[in-house]
Amino acid sequence: MEELVLMKGNEAVGEAAIRAGCRFFFGYPITPQNEIPEYMSHRLPQVSGVFVQAESEVAAINMVYGAAAAGVRVMTSSSSPGISLKQEGISYLAGSELPALIVNIMRGGPGLGTIQPAQSDYFQAVKGGGHGDYRLLVYAPSTVQEMVDLTGLALDRADHYRNPALILGDGLLGQMMEPVNLPPLSHPEDLPVKPWATDGRRGGPKRVINSLYLQAEACEEHNRRLQAKYREMEAGEQRWEAAWADDAEVLVVAYGTVARICRTALEGLRDRRLAVGLFRPIALWPFPGPALAGLLQRGRIRAVLVAEMSAGQMVEDVRSVVCGRVPVAFYGRTGGVVPSPEEIGQHVTAVYEGGAINAGCL
Amino acid sequence: MRVAFERPAGLTDCPTHYCPGCTHGIAHRLIAEVITELGVADRTIGVAPVGCSVLAYDYFDYDMIQASHGRAPAVATGVKRALPDRTVFAYQGDGDLASIGMAEIIHAAARGENITVIFINNAIYGMTGGQMAPTTLLGQLTTTSPAGREAPREGYPLRVAELLEQVRGVAYLARYPLTKPPEIGRARNAIRKAFQTQLAGKGFSLVELLSTCPTGWGMTPREALRWVEEVMVPYYPPGEFRDGPEDPGGGPSRKRVG
Ligand SMILES: Cc1ncc(C[n+]2csc(CCOP(=O)(O)OP(=O)(O)O)c2C)c(N)n1
Ligand code: SF4
Chain A
28 MEELVLMKGN EAVGEAAIRA GCRFFFGYPI TPQNEIPEYM SHRLPQVSGV FVQAESEVAA
88 INMVYGAAAA GVRVMTSSSS PGISLKQEGI SYLAGSELPA LIVNIMRGGP GLGTIQPAQS
148 DYFQAVKGGG HGDYRLLVYA PSTVQEMVDL TGLALDRADH YRNPALILGD GLLGQMMEPV
208 NLPPLSHPED LPVKPWATDG RRGGPKRVIN SLYLQAEACE EHNRRLQAKY REMEAGEQRW
268 EAAWADDAEV LVVAYGTVAR ICRTALEGLR DRRLAVGLFR PIALWPFPGP ALAGLLQRGR
328 IRAVLVAEMS AGQMVEDVRS VVCGRVPVAF YGRTGGVVPS PEEIGQHVTA VYEGGAINAG
388 CL
Chain B
2 MRVAFERPAG LTDCPTHYCP GCTHGIAHRL IAEVITELGV ADRTIGVAPV GCSVLAYDYF
62 DYDMIQASHG RAPAVATGVK RALPDRTVFA YQGDGDLASI GMAEIIHAAA RGENITVIFI
122 NNAIYGMTGG QMAPTTLLGQ LTTTSPAGRE APREGYPLRV AELLEQVRGV AYLARYPLTK
182 PPEIGRARNA IRKAFQTQLA GKGFSLVELL STCPTGWGMT PREALRWVEE VMVPYYPPGE
242 FRDGPEDPGG GPSRKRVG
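Those protein sequences? They're chains A and B, same order as listed.
According to my numbering, the first sequence is numbered sequentially starting from 28.
According to my numbering, the second sequence is numbered sequentially starting from 2.
One or more of the hints may lead you astray.
To be verified - 16 Å max Cα-Cα, derived EDC-like pairs, lysine to aspartate or glutamate:
id, chain 1, residue 1, chain 2, residue 2
1, B, K203, B, D244
2, A, K233, B, D244
3, B, K181, B, E224
4, A, K233, B, E163
5, A, K233, B, D14
6, A, K35, A, D176
Think of the hints as simulated: they come from the structure by calculation, not from any bench.
Here the structure is a predicted model, which is why all the values come from computation and not from measurement.
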């Protein structure tokens with residue numbers, strides 16, 4: 028049975044993971060995601076689950092690797108600097124084809140940066156982050172409800188593809204409280220079995236979890252298999268939402284927290300009869316480029332504005348889809364500053380009126 | 002014809018890539034013999050490190066997981082927490098365990114993780130071509146301490162067993178050289194006790210094996226064995242450091258997967 032409760036984004040992620048059958052959490056404290064490990068430390072024992080506070084993010088991601096190899100649903104969470112430390116482990120998860128959920132509640136960087144919300148880990152999340160040619164399934168919630176829904180989806184898709192998945196949230200989403208519908212509790216024993224898991228050979232042949240291929244040709248063959256899997260994900264896992272896109276002359280592209288702020292700004296502009304619309308990628312990888320290109324092909328859109336809490340990261344993917352057909356402007360705030368609906372509205376208006384196409388990053 | 006010597010069950014029929022005179026092979030054999038003897042082969046999961054023994058997943062006939070450099074204890078923690086009724090061991094070299102992975106080994110020990118770690122101390126980085134290890138002895142030549150390790154420049158060699166002896170949560174801890182048959186017998190005994198400690202749910206167990214690297218040391222196999230006896234053993238004294246948990250009941254709560 029579904030239930031409606033008021034929850035903080037961070038706690039909602041934890042509860043959603045448990046409801047999706049995840050009983051293992053390994054993590055290390057870092058603001059602004061501490062509510063996730065704190066929640067898991069009291070909630071997991073209630074459902075016979077395991078919570079371990081690891082000695083570091085490096086250890087945490089390797090515990091995740093071990094538990095994933097053993098065949099259980101498992102997750103970790105952190106925020107930007109901690110996610111940087113996990114990158115080698117994430118590359119190993121991808122290389123060994125192990126499913127796991129990683130949550131990044133982003134804060135401003137670079138370096139120690141700030142504990143305020145940001146979106147400046149987009150490149151790291153969707154372009155690799157760790158070494159080697161690999162991809163993560165990357166989901167960007169923009170409400171607490173979506174934190175819940177995408178957590179369940181990410182765990183499910185991770186298992187399906189035997190690939191790590193990442194929830195890319197930010198400090199604002201993590202800290203805000205909203206009413207959410209929680210799905211019913213599912214039980215680990217009802218999840219599909221994983222015949223590849225190294226859980227003891229039990230009379231059968233031994234299994235190996237590994238990403239080492241000493242011969243170049245064998246390693247290339249492994250890469251080919253991985254790439255074929257990524258093409259499959261590209262075909263089946265693109266997710267997005269569009270609002271007022273049918274008559275839009277200026278299309279705003281934003282994800283997560285910023286998409287929410289843009290929506291508020293655009294509501295105001297639509298009231299003033301500006302033909303502006305919103306395109307919100309929900310999966311950041313695979314990027315919903317074809318859907319965006321489809322909107323552009325209709326011919327009404329004369330300019331695109333990308334808004335991010337970064338110096339301009341997703342805008343590169345948007346530009347490669349738009350491919351020069353219309354101008355692409357960018358507006359970004361960095362370092363933990365959250366743009367207001369008013370300032371977004373001003374920039375959209377400026378683009379709408381034909382100016383400020385090159386609105387840079389503040 | 003009588004078979005006088007054969008490959009133990011638990012090792013695959015696969016030629017190893019270890020150099021002649023390298024004692025990694027002996028360590029593998031001892032582990033396989035003990036696991037067979039304890040009858041847990043079908044529910045054992047091994048964690049192979051980065052290092053010369055990176056291909057251990059090919060040599061052991063158990064479910065095996067290859068870990069990143071230094072993180073085998075964390076990987077083994079993840080496996081054991083997910084599957085508390087399985088036997089989980091990690092196999093690590095000295096660069097792996099005592100340099101890049103020092104945090105992971107100390108904290109796995111401090112948590113009293115119910116896993117077994119086999120630690121190969123050969124005083125050098127074998128796989129990458131003979132660089133200095135945290136266990137490289139004073140005066141020892143390596144490719145990155147070409148003038149011989151000197152304390153003011155390269156610091157002192159770490160004694161891992163002595164370090165771990167301080168850590169509550171360690172339930173079995175021993176060090177033996179893989180040199181002559183009596184020593185190898187003692188090492189085998191220690192490995193058995195370490196696994197028995199795990200099977201009894203008593204907590205963290207580790208056996209340090211003083212091992213040869215004739216290639217990295219630039220010695221013949223015979224010279225290498227003598228060097229273990231004459232140079233390594235005095236600095237790394239063999240023996241049992243801990244047999245039984247210091248704090249019974251102080252280990253982590255081990256919950257069944259629900
Ligand atoms: C993150 C990372 N750093 C460095 C390496 C390179 N590397 C591979 S093995 C090794 C040292 C192995 O030495 P040791 O653990 O003593 O094992 P041995 O080869 O002597 O058995 C190093 C530094 C690596 N694979 N990964
Ligand atoms: S390099 Fe050294 S440790 Fe590695 S296999 Fe050869 S002798 Fe053994």
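How the hints compare with the structure:
Proposed proximity of B:K203 and B:D244 is supported: the alpha carbons are some 10 Å apart, at most 16 Å. Only pairs whose Cα atoms come within 16 Å are accepted, and A:K233 paired with B:D244 is rejected, the gap being roughly 32 Å. Taken as a hint, the B:K181 and B:E224 pair is honoured in the structure, with Cα atoms around 13 Å apart against an allowance of 16 Å. With a CA separation close to 36 Å, the supplied pair A:K233 and B:E163 exceeds the 16 Å bound.
As the CA atoms of A:K233 and B:D14 are separated by approximately 13 Å, the hinted pair is consistent with the 16 Å bound. As the CA atoms of A:K35 and A:D176 are separated by approximately 14 Å, the hinted pair is consistent with the 16 Å bound.
Consistency note: the structure conflicts with the earlier hints numbered 2 and 4.
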